[in-house]
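*Asks:* Chains as they are written, first to last, in the numbering used here: chain L, 1 to 115; chain Z, 116 to 224.
Hints were generated in silico from the structure; no laboratory data involved. Relax, there's no trap hidden among the hints.
Only part of the chain L face toward chain Z is listed, based on derived beta-carbon distances under 8 Å:
1) R31
2) Q41
3) G42
4) P43
5) F45
6) Y48
7) L91
8) G103
9) Y104
10) T105
11) F106
12) G107
13) S108
14) G109
In silico DSBU-like cross-links for lysine-lysine, where the CA-CA straight-line distance does not exceed 30 Å:
15) K11(L) x K57(L)
16) K57(L) x K71(L)
17) K71(L) x K11(L)
18) K11(L) x K219(Z)
19) K57(L) x K118(Z)
20) K167(Z) x K118(Z)
21) K219(Z) x K184(Z)
22) K118(Z) x K219(Z)
23) K184(Z) x K57(L)
Each residue gets a CB set at the ideal place from its N, CA and C atoms; glycine is no exception.
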Amino acid sequence: DTGVSQNPRHKITKRGQNVTFRCDPISEHNRLYWYRQTLGQGPEFLTYFQNEAQLEKSRLLSDRFSAERPKGSFSTLEIQRTEQGDSAMYLCASSSGQGADYGYTFGSGTRLTVV
Amino acid sequence: DAKTTQPTSMDCAEGRAANLPCNHSTISGNEYVYWYRQIHSQGPQYIIHGLKNNETNEMASLIITEDRKSSTLILPHATLRDTAVYYCIVRRSNYQLIWGAGTKLIIKP
Numbered sequence: 001d002t003g004v005s006q007n008p009r010h011k012i013t014k015r016g017q018n019v020t021f022r023c024d025p026i027s028e029h030n031r032l033y034w035y036r037q038t039l040g041q042g043p044e045f046l047t048y049f050q051n052e053a054q055l056e057k058s059r060l061l062s063d064r065f066s067a068e069r070p071k072g073s074f075s076t077l078e079i080q081r082t083e084q085g086d087s088a089m090y091l092c093a094s095s096s097g098q099g100a101d102y103g104y105t106f107g108s109g110t111r112l113t114v115v
Numbered sequence: 116d117a118k119t120t121q122p123t124s125m126d127c128a129e130g131r132a133a134n135l136p137c138n139h140s141t142i143s144g145n146e147y148v149y150w151y152r153q154i155h156s157q158g159p160q161y162i163i164h165g166l167k168n169n170e171t172n173e174m175a176s177l178i179i180t181e182d183r184k185s186s187t188l189i190l191p192h193a194t195l196r197d198t199a200v201y202y203c204i205v206r207r208s209n210y211q212l213i214w215g216a217g218t219k220l221i222i223k224p
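Working from the sequences, and respecting the hints, build out all of it.
*Replies:* Shown next as structure tokens:
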């Protein structure tokens with residue numbers, strides 16, 4: 001297992017188009033998280049899954065955003081009708097979620113540019 | 116939400132210990148402190164985390180004050196490859212990481 005994998009690494013799209021990103025977590029990790037990072041800022045939490053259940057969503061996740069983790073393995077994040085303000089790095093992380101003492105492994109992110 | 120305060124930037128000479136401070140005065144008793152770093156255009160890299168006790172691993176040491184209101188990350192022998200943005204983060208009890216703006220650490224030869 002080589003860690004958390006995110007695809008694509010870069011995505012340029014026209015305003016109004018839909019985009020979908022994929023995250024493949026570490027296989028034995030049951031928790032998966034999506035974060036968004038804009039230039040010069042730390043990542044902001046978007047949502048998290050425990051297995052296939054989406055347990056929390058940030059208010060940053062507007063109605064245009066949807067995330068799924070259908071079989072408790074990989075996850076997708078879709079943005080509909082993209083806006084220029086959606087331009088950011090989208091980061092995925094996973095963790096084991098066993099007990100309270102654990103670390104998070106992040107992927108390399110997908111950089112979205114909306115033109 | 117417990118938030119963190121860090122210096123915007125710091126310099127350190129190559130080969131010396133880099134000491135990065137973090138203030139988290141509103142931390143709750145069951146909230147962990149995590150440190151990550153991020154090199155330009157890459158995903159965050161895990162460094163270390165702790166709750167109450169000091170921690171050490173192959174990358175760094177984490178010193179947490181007794182009242183848990185602040186902590187210090189120590190990179191014992193900084194190299195040029197340690198140049199990055201370092202984030203001190205508090206984990207909310209529902210497993211969400213609360214990130215600040217980080218410290219840009221520049222290692223100088």
